[in-house]
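Enquirer: For chain A, the structure is supplied; the task is to place chain B on it using the hints.
This is what each chain is made of:
There are 2 protein chains.
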Amino acid sequence: MTDRKEFRDLASPEEAHEAVASLDIEPAPETVPLRESRGRVLAERVDAGIDVPGFDRASMDGYALRARDTFGADEADPVVLPQVGVVHAGEEPAVDVGAGECVEISTGAVMPPGADAVVPVERTHDVEDGVAFDTAVAPGDSVMAAGADVAAGERALGPGTELTPREIGLLSALGVDEVPVRGTPTVGVVSTGDELVRPGGELDHRAGQIHDVNSYTVAAAVEEAGGEAVLYPHAGDDYDEMERQLREAAAECDLVLTSGSTSASAVDVVYRVIEETGELLLHGVAIKPGKPMLVGRVGESAYVGLPGYPVSALTIFRTFVAPAIRDAAGKPEGERATVEGRMAVRERYAQGRTRLMPAGLLTDEAGETLVYPVDKGSGATTSLVEADGVVEVDADTDYLAAGESVTVELFSPDVRPPAVLAVGEDDPAFARALDGVRGPRYLAEGTRSGYRRLRDGLPDVVVASGPLEADEETDALASWTREWGLVVPRGNPAGIEGVADLAAADVSFVNRTTASGLRATFDAALADAGVDAERVHGYERTVRAHESPARKVQSGDVDAGLGLRASAAKLGLGFVPVGEEAVRVLANPERTEKDGVRELVRALDGIEAVIADLPGYGV
Amino acid sequence: MTDRKEFRDLASPEEAHEAVASLDIEPAPETVPLRESRGRVLAERVDAGIDVPGFDRASMDGYALRARDTFGADEADPVVLPQVGVVHAGEEPAVDVGAGECVEISTGAVMPPGADAVVPVERTHDVEDGVAFDTAVAPGDSVMAAGADVAAGERALGPGTELTPREIGLLSALGVDEVPVRGTPTVGVVSTGDELVRPGGELDHRAGQIHDVNSYTVAAAVEEAGGEAVLYPHAGDDYDEMERQLREAAAECDLVLTSGSTSASAVDVVYRVIEETGELLLHGVAIKPGKPMLVGRVGESAYVGLPGYPVSALTIFRTFVAPAIRDAAGKPEGERATVEGRMAVRERYAQGRTRLMPAGLLTDEAGETLVYPVDKGSGATTSLVEADGVVEVDADTDYLAAGESVTVELFSPDVRPPAVLAVGEDDPAFARALDGVRGPRYLAEGTRSGYRRLRDGLPDVVVASGPLEADEETDALASWTREWGLVVPRGNPAGIEGVADLAAADVSFVNRTTASGLRATFDAALADAGVDAERVHGYERTVRAHESPARKVQSGDVDAGLGLRASAAKLGLGFVPVGEEAVRVLANPERTEKDGVRELVRALDGIEAVIADLPGYGV
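Just so you know, the protein sequences line up as chains A and B, in that order.
Sequential numbering from 1 applies to the first sequence in the numbering used here.
Sequential numbering from 1 applies to the second sequence in the numbering used here.
Chain A extracted, bound-state conformation (with noise of 0.2 Å):
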């Protein structure tokens, strides 16, 4: 990357938003079918082109009549009239109503000529010489004169409208067919990072090649905000074919995103064709994330870059580009996607840019919204549903204190708090048995994870494994034990006994990180054993997750790696046991009555049909 690109003034976040409205990215109306209108949006007043109905229409079922015959009658003194004929909806009556007459009529028929009221068939009873009526009407009564719904002329509905099952009933009524809408504003999204593999493909990890994970979700997120993605074709490191892609985009498209590629020769390519075609309005925003973030123009189309990681794609496409793309497309704003809470726990910030704050939801017994920070470092997939949205920090706030009220935006107005917020140990039984519950979240942090933010009162249940803490609570909503030891090659080639033979020059083992209550369980073990943890090749190289171990044993990387039986027989690999350790599942004392702590202790209810499937699971 050569010094040009390194702009030392950053724009404030209004100048971005300015920057982004000023590109032209509406349109041109067109015209849909009234069946495929539903979520789009009028581009022009619609005024009635007929009446509604279009003829005076009986409203009840009953006796089309003139309304004078019945003056006087009531239920002591009815009128009786003779029946000329009967008048069905939908077909043209055959006889007129005269003086003193009455005809049968169904909702919705056409009013006979001479007759100007109904009255309802619950006033009335058939007698010899005709039909009596037991009550007087007025003209009009029971009929839905021409043009009382809607008349020719009026107005019927506004440009900007979007387009409901309700008003697409109305345009029905107004016979309708095809409809004036906004244009959908075309959306290019290119792919330029190099090492990106499109999901389906197969990664070389010794390459550094990583699935491309924004392609997907911008394109989702474009289509979220009213536009149509067009997702050009992945270019991999043929720079030249990345050129055309561009430019192809730039020419089919209202607007062409790009999401920062940590490939300089990529980077290289986006501003040479911008250079070459367009022009850069600006390059990077005063918001963490947004310091990648460019906006210009390529050939006739506006262009975005996005940053690369995620995470901060998102955030910074919903803030400053989908409401350009809801504008271009006549969306309505989107309804208020923010919530109030307060801040779970305490959080520090380094001063200096206004940070877009990741943030996860949380409820309390009572139903208030808690908030917490999720920050699980640069690039991380997971925070995309580990959070629910972002809050906006101010460059001079040093910190949020616990109990502070803050405001998140969300990530989508039906973004909703967990049901039930789980911290702890990764375990496969419970990872299961929270299929039963409507929306849970579980961060497989570690038992040791799990008791600390306990601690700091956020999470509603600690899943919990390894010795007992001192302070443990030890009437647990469930506990199930699983049965640990050594995952092996199959056949155990090294021919590995226990955990006395790790000490062993030639045998390579891979631990579980000390978040872990199973390396807990592990450091135990050996103690009792007496190995000396020095001892043991691979001791410090740790892997946060149950079934990581095991992966390496699998791919090779190792002879042994400390594990469960369930990862071992899942695998088809050789398993050493070693012991078996508890796992508990704890409640946070203040949330025992929240709904979804109940909830998942009904489908902790059913756990032994869960472990029943799990080889070395038992309660």
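Each hint can be trusted.
If several chains are the same, the list does not tell them apart, and a pair holds so long as it fits within one copy or across any two.
Computed list of lysine to aspartate or glutamate pairs in EDC-like fashion (alpha-carbon distance at most 16 Å, straight line):
#1 Lys291 x Asp61
#2 Lys570 x Asp47
#3 Lys288 x Asp396
To be clear, the hints were calculated from the coordinates, so they are not data collected in a lab.
Expert: Relative to chain A, chain B alone:
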């Protein structure tokens, strides 16, 4: 209709919910490409199949090295290490990092063998014999370990998760390109009214034909609820074809919907098919407007018959059917689409059945929500867009008092109160000026209705024409004049010269309703001219909207109609000018500071441009 269909015992709303819930409309799960999965719902848990990242990954631009080589480094005493290579994102490291060495590394690149940490470039500077590091780092610093984001075997997303851009991002990272999702229930919409004509078709008014409103409305509502609507071709009065459509829909769909036809023959077809192939579980619900609701089975499909009037059909659909479709699609319960408000006016009821009262929303100057009943009479399609939701009123409630608090179940979660509610004279200039306001509502019920409703405190503004009311505020938000007179056939064949000629025996006339300000202006002109209204043939023949008399002249029904020069010009008719009347837009004094009223005032600033297009208009 025979007696067997006249069930005397209506089901309770709870029984109706249970009957619909007992129908099995859940389709089989399916697999869709990730790119097309937005809005779908996961059918099963997705566990991570791979580690993300798949390799130890630099999370900053900088230098990869062994952390222990930086111990003790600080700004005063930096450590200098020789650089032995470079590794970019997307490439396999070509070098190992030995003790006392460093390698330049890009964000996202694979950590080279031997290195265990990255020092960000900001904490380094180039020196003659290598790179100087002015900070110490620990192993793992600025490195995202393989699987640190999500590890193979971990729970990624649970069953029942709705796929938004965020989940699509996580699935992308996991390389999942085919997603197991809940099926979309297929809902057949069969049109059974033989008087119905699909929008776009020509109506025969004399035969009582109307456009089919419910098919497209219900289809759109099905899609809003997460179903796939299949519209079956309209069979008109071909009952064999109608029966064939019903049977075909039952064979092809999870659920078949019809909406009540007023045609007895069409109703008989529905009953016959249900009786021969399925069963009727429920006929009629004790809720207004649910009396005609049917629940049962047709062949292998579930079946619900909706009422025939559009607002009733949509209300019953939303109340009983939409939840079942959402449930079958696995869609999370829609957000709570209700608002609380105060009744703006008193509303009385006949006791009897629970009633779902269509209601309009409004905000007062303080932003509080006001609620008013929308009752335009049976079958009005304009109620679809003039109501915002329904208020459930108990069977034993006599009345709702003005100011009483009520809960409105919105027609959809994104329904918002209109920016401004205008009631009064039907005027084309005002109708056009509203195009400049986002989301207005205009009830063109006539000047008299506007004044009456203003006395109740309902509208934000009143549009008035005709003679000034005694208590009318003279300071209007805007006012203009419109030329009125007698609309006659082109060339004025009857040679009408003024209102006096209307008293001629051979001249037929059509008037406006007494609610119209123009009618009052006309009455005053008749009086001035000394014309006895009783001698005007058609004086009592009234229509509601401004263009309707001209349309009756155009169709040859009458010789002259009360109307505007603008209407005559639009329809290419003759016009006999009589006078000018003022149209005034009057603010509700309680709402002058309301945002929507201010927006209307700005739009009315441009009224001159609007009236320049309307012959006979002036300011």
